[in-house]
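K.L.:
Read top to bottom, the protein sequences are chains A and B. Position in the first sequence (first residue = 1) + 614 = this note's numbering. Position in the second sequence (first residue = 1) + 614 = this note's numbering.
There could be a bad hint or two in this list.
[Stated by the list, open to error] Here are the simulated distance ranges between beta carbons:
hint: 1; chain 1: B; residue 1: Asp657; chain 2: A; residue 2: Arg899; range: 48 to 54 Å
hint: 2; chain 1: B; residue 1: Glu865; chain 2: A; residue 2: Asp857; range: 47 to 53 Å
hint: 3; chain 1: A; residue 1: Asp750; chain 2: B; residue 2: Leu627; range: 15 to 21 Å
hint: 4; chain 1: B; residue 1: Thr891; chain 2: A; residue 2: Glu622; range: 28 to 34 Å
[Said to hold, decoys possible] Here are some chain B residues pointing at chain A (derived, C-beta under 10 Å):
hint: 5; residue: Ala720
hint: 6; residue: Val764
hint: 7; residue: Asp771
hint: 8; residue: Ser773
hint: 9; residue: Asp857
hint: 10; residue: Val861
Honestly, the hints are just simulated from the structure, not real lab data. Don't be surprised by glycine CBs; every beta carbon is placed ideally from N, CA and C.
2 protein chains.
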Amino acid sequence: MKVVHTFEEVRDLAGGRIGLVPTMGFFHEGHLSLIKAAAESTDTVVVSVFVNPLQFNESGDLDAYPRDLDRDAALAETAGAQLLIAPADSYMYPRQHYTRIRVAGASDGMEGAYRSGHFDGVATVVAKLFAGVRPDVAFFGRKDAQQLAVVRALARDLSFPVEIRGLPIVRESDGLALSSRNIRLDGEIRGSALALSTALFAASDAFEAGERSVAALTHEAATRLGTHSGVETEYVEAATARDVAGVETIEAEVFLAVAARIGNVRLIDNVHLNPGTGLADRGVRLSEPSILYGGP
Amino acid sequence: MKVVHTFEEVRDLAGGRIGLVPTMGFFHEGHLSLIKAAAESTDTVVVSVFVNPLQFNESGDLDAYPRDLDRDAALAETAGAQLLIAPADSYMYPRQHYTRIRVAGASDGMEGAYRSGHFDGVATVVAKLFAGVRPDVAFFGRKDAQQLAVVRALARDLSFPVEIRGLPIVRESDGLALSSRNIRLDGEIRGSALALSTALFAASDAFEAGERSVAALTHEAATRLGTHSGVETEYVEAATARDVAGVETIEAEVFLAVAARIGNVRLIDNVHLNPGTGLADRGVRLSEPSILYGGP
């Protein structure tokens, strides 16, 4: 695997069908599942590692975001990547950078309401990656369910010839959704963080038992979240997976999402509820501790 | 030459270095100069013909915009194009279209001030053309000098690997800048339309005589424009060609632009003033009547 820093190098080196895995680095098994899926279905797997300042609305969160490019490069290679592009901030956003992209609809509400400008920053950097790398397929995790809807709309609306694939959330063995931010959950608050998945799984159980009222399901999850000390809930909401549109009754695929602060760490999680099958997609679980904690 | 309607067809058929000439159709010699330049320097010349509703701020102007695809296809072929893509409105903007692009800076002022949302529409459709066609070089006329700056910023900021080339304004033998809208200039108002180029040429003469004050040059042009009956001036302004930034003294390449209404037709024109050479670029002139009037 080769580490490069410009799109020109990627285009020179990539051949055949190109799979892109856009990331902010500091890999966990969720990222690796995307890279492995890309390796199974494309000829050149390009992993991008870029902590995109445009999508951070809190400079403290940006500064605290974990980074370790050597570790990422070793993990990406093992997972099957051929190229890793790690562009500099000054390459992605030279001093004079004037263009911003807004995807209306999917960017509104939920994360968009709590993180001002977040999805404009996501849309802008993803458009740059699509324009610069020219992937045939791009892989995103369903943990960022709203982001996935934004990216799908972006690719479709701007005529990028790229297929967008969303892959299941990967969880630790106790249910906590993997996030690079999890390494900032020390001691006691690690237990509080479990409140998010516990609340979503309770709502999933209710959904699978037949409940289709969004009000009842969000109430179930919100009540569970509220019982945990150390958890400051931002929202518990459901929306269609395709358009992030609000619904009262679940008749199309919906994701039920929560955002909460645990200490000074902001976490999000979701489950996908499919009325066709009657099943909730809770993602997949690791059987061993995540590589985030010192593995593999 | 082949006429197609989707980006998929363009990507299937285009090979080698791809030159893109984005147009709104109803060709005049300005368009043909772009197609010929593309044919000289690229392997596959793709001409797009799409009257982009997003960039029209007046529905009357959109409805009145001249269209003749058969004529355009014949002219494009003669000029050296291999492919003409004429996408349907419903293909470019399906009912659910949420993404808008804004290029700050270059989009502000002048045309941006008088045509609300115009450059957001231009940026969005040009991004779609770049994403869908994947050109190596794209050709634009300098008559839309501000648009050219917007497109350059867009391509750079979004990492599209495309070279942007701006070509000189083509004028009728009396100086009127070619525009597909010129066919709407009947009888007496055709004479009034000449006021734009006359005013700009007077300022160009002053520039070449050594005048470097933007206030003096715009005053010269505005005064000339104001003496013509039937001319309703919208603006006379100068800005840097690169960034569309205001200047007081001409020290880098500047374009001096005018916009005016002649009857119910809105026209724009400009000259480029180069302090390095001391020369004004007034574009090139036809020696015969334009094909707009029934030729070639």
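K.L.:
Flag every earlier hint the structure violates by its number, smallest first.
P.N.:
10
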